[in-house]
Amino acid sequence: MKTKFLFPHRFKIIGWILFVPAFILGLYSIVSNKNMATINCKVFAIFSDSEKGSFALTDANIFTEIIAVLLICGGLLIAFSKVKDEDEYIARIRLESLVWATYVNYALLLFAFIFIYGLPFLDVMDINMFTILIFFIIRFHYFLLKSRKVLKHEEQA
Amino acid sequence: MKNKLKIERAIKNITQEELAKKIKVSRQTINAMEANKYVPSTVLALKISRYFGKKVEDIFLLEETD
Numbered sequence: 484m485k486t487k488f489l490f491p492h493r494f495k496i497i498g499w500i501l502f503v504p505a506f507i508l509g510l511y512s513i514v515s516n517k518n519m520a521t522i523n524c525k526v527f528a529i530f531s532d533s534e535k536g537s538f539a540l541t542d543a544n545i546f547t548e549i550i551a552v553l554l555i556c557g558g559l560l561i562a563f564s565k566v567k568d569e570d571e572y573i574a575r576i577r578l579e580s581l582v583w584a585t586y587v588n589y590a591l592l593l594f595a596f597i598f599i600y601g602l603p604f605l606d607v608m609d610i611n612m613f614t615i616l617i618f619f620i621i622r623f624h625y626f627l628l629k630s631r632k633v634l635k636h637e638e639q640a
Numbered sequence: 002m003k004n005k006l007k008i009e010r011a012i013k014n015i016t017q018e019e020l021a022k023k024i025k026v027s028r029q030t031i032n033a034m035e036a037n038k039y040v041p042s043t044v045l046a047l048k049i050s051r052y053f054g055k056k057v058e059d060i061f062l063l064e065e066t067d
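Respectively, the protein sequence lines represent chains A and B. First residue of the first sequence? That's 484 in my numbering, and the numbers climb one at a time after it. First residue of the second sequence? That's 2 in my numbering, and the numbers climb one at a time after it.
Pulled out of the complex, with its shape left as it was, chain A reads as follows:
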């Protein structure tokens, strides 16, 4: 079973380059609840509640937008770039990691829905947009590292 829709291996590094700074900045800005930077420019809003309405050019601070785009694009490249020796076993591990990440993501989301109310829930939604990718990346790479360690111990097999 060859996994379709994967990026070539060299895209993985690009993913990390995009993802890591955005992650650090984004995490810090959520935790500190501060407006980290203001990058104002004209944006084309398909939907907006500004006075100009929908389908119009409007001014906005696009700092969070940049972070989100970098997180999503970087995260996708990290998660779905081929491993150097991508084969059927790795494909199965990919699938299992994705299922696991989905379960964990929704378990936490359920918990948040039931126990978190008011404005803090907005923070939850903010983070939840990215956590499934993050959980998958962690789980998949944890597995790859673990199996590499097993191989090192069995070098003479």
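Think of the hints as simulated: they come from the structure by calculation, not from any bench. Treat the hints loosely; a few may be bogus.
[As the list claims (entries may be wrong)] As a list, the in silico DSSO-like pairs of lysine-lysine whose alpha-carbon atoms are at most 27 Å apart:
| id | chain 1 | residue 1 | chain 2 | residue 2 |
| --- | --- | --- | --- | --- |
| 1 | B | K23 | A | K635 |
| 2 | B | K38 | A | K485 |
| 3 | A | K535 | A | K485 |
| 4 | B | K25 | A | K525 |
| 5 | B | K13 | B | K25 |
| 6 | A | K635 | B | K22 |
| 7 | B | K56 | A | K567 |
| 8 | B | K38 | B | K7 |
| 9 | B | K56 | A | K635 |
| 10 | B | K3 | A | K525 |
| 11 | B | K55 | B | K13 |
| 12 | A | K487 | B | K13 |
| 13 | A | K495 | B | K22 |
| 14 | B | K7 | B | K48 |
| 15 | A | K535 | B | K38 |
| 16 | A | K635 | B | K13 |
| 17 | B | K5 | A | K485 |
| 18 | A | K632 | B | K3 |
| 19 | B | K55 | A | K629 |
| 20 | B | K38 | A | K629 |
| 21 | B | K55 | A | K632 |
| 22 | A | K565 | A | K517 |
| 23 | A | K632 | B | K56 |
| 24 | A | K629 | B | K5 |
| 25 | A | K485 | B | K55 |
| 26 | A | K487 | B | K48 |
| 27 | B | K38 | B | K3 |
| 28 | B | K7 | B | K56 |
| 29 | A | K517 | A | K567 |
| 30 | A | K632 | B | K5 |
| 31 | A | K487 | B | K38 |
| 32 | A | K565 | B | K48 |
| 33 | B | K23 | A | K565 |
| 34 | A | K485 | B | K23 |
| 35 | A | K629 | B | K7 |
For this one, chain A is given, so just place chain B on it according to the hints.
For chain B alone, coordinates are given in the frame of chain A:
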């Protein structure tokens, strides 16, 4: 599913790494198969059997629980 992969490898005297290179899979795959953690696809089973010059049924054995 049991397999005689380790035995066949010992007979031919090659490491997991070398076998993986010959069959064009990752070393993790060979390791996982020998540890009975992974059942290979038909194509992979056929490739392995052809490499060892044996029939698929001689290397991969169906168990009662399968």
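Point to revise | Violations among the numbered hints | key: 3, 4, 7, 9, 10, 12, 15, 19, 21, 22, 23 and 29
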